[in-house]
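Engineer: The chain contents come next:
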Amino acid sequence: MRFRLFFLFVASVLVAQVNEEDFFEDVKEAPLQAADHQESLLEQKSWRLGGVLKTRIEPVFFWKDLDWLSSRPDDAISLQFQTDFYLDARPDRNNGVYAKVRTAYPYNLENSVKIFELFTDFRLTEELGFRFGKQVATWGYSRFYQIADVFSLEPKDPANPTAELEGPFAFKTVWTPVDALQTEGLLFLKPAFVPPNQLPRAEHLGYALRLRALLPWGGETLLGGFYQKDLSPRLTVGAISALPGLNVQVFSDGVFSWGSDRRFVVGQWPLLSTEKRTQEWFASATAGLMYQHRDWKMTLYAEYLFQSWGSDRSDYLGDLVLLYGMEQMLPANQRTLTPDDLRLPYRHYASGFVQWTDLFEIKRLGFSVLGLMNFIEPSATVEPALSWGPTDQILFQGGVRLAWGKDDSEFVLRQNKNRLSVYLQARLGVQLF
Amino acid sequence: MKKMITFSLMWLLVSALFGQVPNWDKILADIDSQANFDNIDFSARYTVVSSRPGQDNSVIVARIFRRDREEKMTILISDPPAQRGQGYLQIGDSLWFYDPESREFAFSSFKESFQNTDAQNSDFTRSSLREDYRVTEHEDGKLGRFDVWIATLDAVNNAVPVPRRKMWIRKDNNLILKVEDYSVSRRLLRTMLFPSYQSVQGRFIPTRFVIEDALRQGEKTQITIEEPSIAPIPDSVFRREYLERVSR
Chain L
44 MRFRLFFLFV ASVLVAQVNE EDFFEDVKEA PLQAADHQES LLEQKSWRLG GVLKTRIEPV
104 FFWKDLDWLS SRPDDAISLQ FQTDFYLDAR PDRNNGVYAK VRTAYPYNLE NSVKIFELFT
164 DFRLTEELGF RFGKQVATWG YSRFYQIADV FSLEPKDPAN PTAELEGPFA FKTVWTPVDA
224 LQTEGLLFLK PAFVPPNQLP RAEHLGYALR LRALLPWGGE TLLGGFYQKD LSPRLTVGAI
284 SALPGLNVQV FSDGVFSWGS DRRFVVGQWP LLSTEKRTQE WFASATAGLM YQHRDWKMTL
344 YAEYLFQSWG SDRSDYLGDL VLLYGMEQML PANQRTLTPD DLRLPYRHYA SGFVQWTDLF
404 EIKRLGFSVL GLMNFIEPSA TVEPALSWGP TDQILFQGGV RLAWGKDDSE FVLRQNKNRL
464 SVYLQARLGV QLF
Chain P
3 MKKMITFSLM WLLVSALFGQ VPNWDKILAD IDSQANFDNI DFSARYTVVS SRPGQDNSVI
63 VARIFRRDRE EKMTILISDP PAQRGQGYLQ IGDSLWFYDP ESREFAFSSF KESFQNTDAQ
123 NSDFTRSSLR EDYRVTEHED GKLGRFDVWI ATLDAVNNAV PVPRRKMWIR KDNNLILKVE
183 DYSVSRRLLR TMLFPSYQSV QGRFIPTRFV IEDALRQGEK TQITIEEPSI APIPDSVFRR
243 EYLERVSR
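Top line first, the protein sequences correspond to chains L and P.
For the first sequence, the working numbering begins at 44 and goes up steadily by one.
For the second sequence, the working numbering begins at 3 and goes up steadily by one.
For the record, the hints were derived by calculation from the structure and aren't laboratory data.
All C-beta atoms in this analysis are idealised placements derived from N, C-alpha and C, irrespective of residue type, glycine included.
Fair warning: there could be bad hints in the mix.
Unchecked claim - Listed next, the in silico DSS-like pairs over lysine-lysine satisfying Cα-Cα at most 27 Å (straight line):
(1) 28/P / 340/L
(2) 199/L / 460/L
(3) 222/P / 71/L
(4) 449/L / 107/L
(5) 340/L / 222/P
(6) 406/L / 97/L
(7) 340/L / 113/P
(8) 28/P / 168/P
(9) 28/P / 71/L
(10) 177/L / 97/L
(11) 144/P / 28/P
(12) 222/P / 144/P
(13) 173/P / 28/P
(14) 113/P / 222/P
(15) 173/P / 406/L
(16) 71/L / 173/P
(17) 406/L / 113/P
(18) 113/P / 144/P
(19) 340/L / 97/L
(20) 71/L / 144/P
(21) 177/L / 107/L
(22) 71/L / 168/P
Claimed, not checked - Rough simulated footprint, nothing fancy, chain L against chain P, three-plus residues with beta-carbon under 8 Å:
(23) 29 to 41
(24) 90 to 99
(25) 144 to 154
(26) 199 to 212
(27) 233 to 243
Build out the structure end to end from the sequences listed, making use of the hints.
Structural biologist: Below is the structure:
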């Protein structure tokens with residue numbers, strides 16, 4: 044027995060030595076490839092059809108107050124069944140056509156099928172390219188807010204800030220004279236630029252120009268301007284960079300406008316009215332950071348928003364909602380307030396999101412907390428969630444949405460006055476085809 | 003003066019008896035110049051196989067384009083289908099990650115993990131050991147059948163992904179065979195093994211290298227480099243528009 048053990052030990056040592064000796068090899072001459080990898084990737088001369096299917100089912104249970112043990116909840120179920128079909132045609136390396144059609148359940152004639160994008164790309168030179176048609180376009184480095192984004196047709200959802208937002212019809216020119224500098228000009232048309240019952244005209248177009256430059260120490264800065272005859276002209280600045288030695292990224296957007304496109308509620312109940320402020324400067328800015336800890340598999344975002352035109356009166360939203368509700372009884376052409384006026388009406392906001400993935404070394408087990416707050420009322424919402432996916436295509440998530448503040452405060456109203464919602468979510472596949 | 007001369011002579015004698023003190027400045031410069039393509043462009047196909055205990059291996063295939071003289075790099079992922087079209091663009095100290103689904107470029111970091119594997123983004127960029135590190139300790143050793151120096155390198159700036167590295171360097175040609183990365187608190191983070199190299203126009207690039215995660219037992223990533231090319235790469239490859247065009 045002892046002899047056998049000794050033999051095994053010696054054999055394993057010898058094998059280990061032989062393996063280590065063989066493991067590190069001498070240098071070999073590499074056979075060089077003549078083909079240009081980059082050209083083969085561009086030269087497709089073909090077309091491609093594909094798509095993405097996203098499905099989600101989410102039962103939710105609501106409680107109006109936090110005494111949830113003694114009260115019976117309401118419930119609802121939301122269903123997402125969204126499919127994007129796309130066509131990508133490239134007759135040659137300098138021209139292309141792209142179309143994306145989005146369908147969503149419930150299917151009806153008005154909303155269930157939408158041309159999300161349809162544009163053509165063409166290049167005159169490697170430095171000068173154009174895109175013409177309906178296209179996604181966003182500006183700004185902000186994670187949760189979109190103060191610098193003048194193009195998107197829909198608001199950014201802080202709970203899903205990376206979602207693609209529908210863009211305008213635009214003619215975009217991109218000129219990159221040197222790698223460190225890029226200029227981008229857009230002539231674009233949003234439905235909101237055209238008055239009701241009118242056909243679009245050249246005077247309705249919006250103009251945007253942006254310069255983007257790399258920072259020598261890593262990162263990027265931008266300077267942009269926007270003009271449309273019926274809206275406030277804007278100047279946009281922004282920057283993103285990293286703090287040296289730390290896994291911290293910092294980003295900021297700033298917007299200065301001559302006048303505000305919002306309408307403001309003035310006066311006291313019952314003599315409430317709205318006014319537009321066109322003859323003064325307004326400023327809004329965000330400042331945020333992103334921190335990643337690789338070993339903890341943690342990502343943290345935190346961001347602050349300041350809006351000089353935002354109200355610092357804690358009951359402002361109450362007046363705004365009251366007047367908006369009353370205006371809905373008037374004919375459409377007599378209304379002054381729009382849903383955009385109800386969004387983020389206060390001066391100071393903050394958002395935060397922290398996420399851990401592969402918790403306890405279990406793949407696809409994650410925990411996250413989203414928090415949104417305004418400091419004026421104050422009110423807030425907090426959403427902790429636990430998720431797990433048995434495969435890449437299936438994800439189960441359970442979470443709680445808590446709203447804090449007065450009954451008519453912003454984040455309580457956003458959740459339809461439900462102080463507590465418990466939801467279970469099943470995402471049954473993001474299928475690429 | 004007499005004492006100084008005596009000390010110098012003794013130092014020379016000791017050096018002669020016990021072997022020469024390596025010129026680390028030159029060795030690190032050699033390692034950099036052997037790994038970098040400073041006068042020509044370089045492109046290749048990289049296959050990244052990541053394995054974790056109890057899970058299926060994940061395989062990522064990417065094309066990498068490097069222009070080291072201008073500190074530029076483009077990575078384009080072609081497989082698996084779920085990540086196809088994702089890419090990275092490096093210009094100087096800036097690194098961007100492109101996601102074709104959101105159509106956005108996100109500012110990234112060289113310290114970040116590459117596609118959730120044990121590799122870091124910095125593992126694909128040009129080598130700059132001479133600029134970023136100085137050798138603080140060294141000893142002789144043997145790895146496999148090769149005589150090596152085992153050198154400990156400490157960072158001289160905080161922009162580097164790892165503050166301390168221990169390297170096994172072949173004495174005959176200055177090729178790195180093994181690297182251990184340590185945290186500030188001297189904790190072993192990962193081990194990299196470079197078992198084979200290929201020569202490309204006088205430079206040496208690994209044929210494959212293996213990265214073992216020291217913090218998670220059993221997790222490792224193997225990177226294989228194939229189809230190397232030194233054909234000139236057009237300037238446009240190192241621009242955002244290129245990633246957008248090939249990834250759409």
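Engineer: Against this structure, judge whether each hint is valid.
Structural biologist: Against the structure, the hints come out as follows:
With a C-alpha separation of about 38 Å, the suggested pair residue 28/P and residue 340/L falls outside the 27 Å cut-off, and the hint is violated. Taking the CA atoms of residue 199/L and residue 460/L, the gap is near 21 Å; set against the 27 Å cutoff, the hint holds. Taken as a hint, the residue 222/P and residue 71/L pair is honoured in the structure, with Cα atoms around 25 Å apart against an allowance of 27 Å. A distance of roughly 12 Å separates the Cα atoms of residue 449/L and residue 107/L; the hinted pair therefore holds under the 27 Å criterion.
Note on residue 340/L and residue 222/P: the hinted pairing holds, with a Cα-Cα distance of about 17 Å set against a maximum of 27 Å. For the suggested pair residue 406/L and residue 97/L, the alpha carbons sit about 21 Å apart, so the restraint of at most 27 Å is met. The hinted pair formed by residue 340/L and residue 113/P meets the criterion: a straight-line CA distance of about 13 Å does not exceed 27 Å. A threshold of 27 Å between alpha carbons decides the hint, and for residue 28/P with residue 168/P the separation of about 17 Å falls inside it, so the pair holds.
Taking the CA atoms of residue 28/P and residue 71/L, the gap is about 24 Å. The hint holds against a cut of 27 Å. With a C-alpha separation of about 23 Å, the suggested pairing of residue 177/L with residue 97/L holds against the 27 Å cut-off. Restraint check: the Cα-Cα separation between residue 144/P and residue 28/P comes to about 21 Å, which is no more than 27 Å; the hinted pair holds. The hinted pair formed by residue 222/P and residue 144/P meets the criterion: a straight-line CA distance of about 24 Å does not exceed 27 Å.
Between the alpha carbons of residue 173/P and residue 28/P the distance comes to roughly 13 Å, so the proposed pair stays at or under 27 Å and holds. Between residue 113/P and residue 222/P the CA atoms are separated by roughly 18 Å; this keeps the pair inside 27 Å, and the hint holds. A threshold of 27 Å between alpha carbons decides the hint, and for residue 173/P with residue 406/L the separation of about 42 Å lies outside it, so the pair is violated. For the given pair, residue 71/L sits about 18 Å from residue 173/P by alpha-carbon distance, which is consistent with the 27 Å threshold.
Restraint check: the Cα-Cα separation between residue 406/L and residue 113/P comes to about 22 Å, which is no more than 27 Å; the hinted pair holds. Among the hinted pairs, residue 113/P with residue 144/P is inconsistent with the structure: their alpha-carbon atoms are about 30 Å apart, more than 27 Å. This hinted pair checks out: residue 340/L and residue 97/L have alpha carbons roughly 26 Å apart, not beyond 27 Å. A threshold of 27 Å between alpha carbons decides the hint, and for residue 71/L with residue 144/P the separation of about 21 Å falls inside it, so the pair holds.
At roughly 42 Å between alpha-carbon atoms, residue 177/L and residue 107/L are farther apart than 27 Å, so this suggested pair is violated. Pair hint residue 71/L plus residue 168/P holds up; C-alpha atoms about 25 Å apart against a cutoff of 27 Å. Note: the segment 29 to 41 of chain P has 0 residues with beta-carbon separation from chain L under 8 Å; the three-residue rule is not met and the coverage is violated. Requiring three or more residues with a Cβ within less than 8 Å of a Cβ of chain L, the coverage given for the segment 90 to 99 of chain P holds, as 5 such residues are present.
Against chain L, the segment 144 to 154 of chain P contributes 4 residues with a C-beta closer than 8 Å to a partner C-beta. That satisfies the three-residue criterion, and the hint holds. Counting residues of the segment 199 to 212 of chain P whose CB lies closer than 8 Å to any CB of chain L gives 8, so the stated coverage by that chain holds, three being the minimum. Counting residues of the segment 233 to 243 of chain P whose CB falls under 8 Å from any CB of chain L gives 10; the rule of at least 3 is met.
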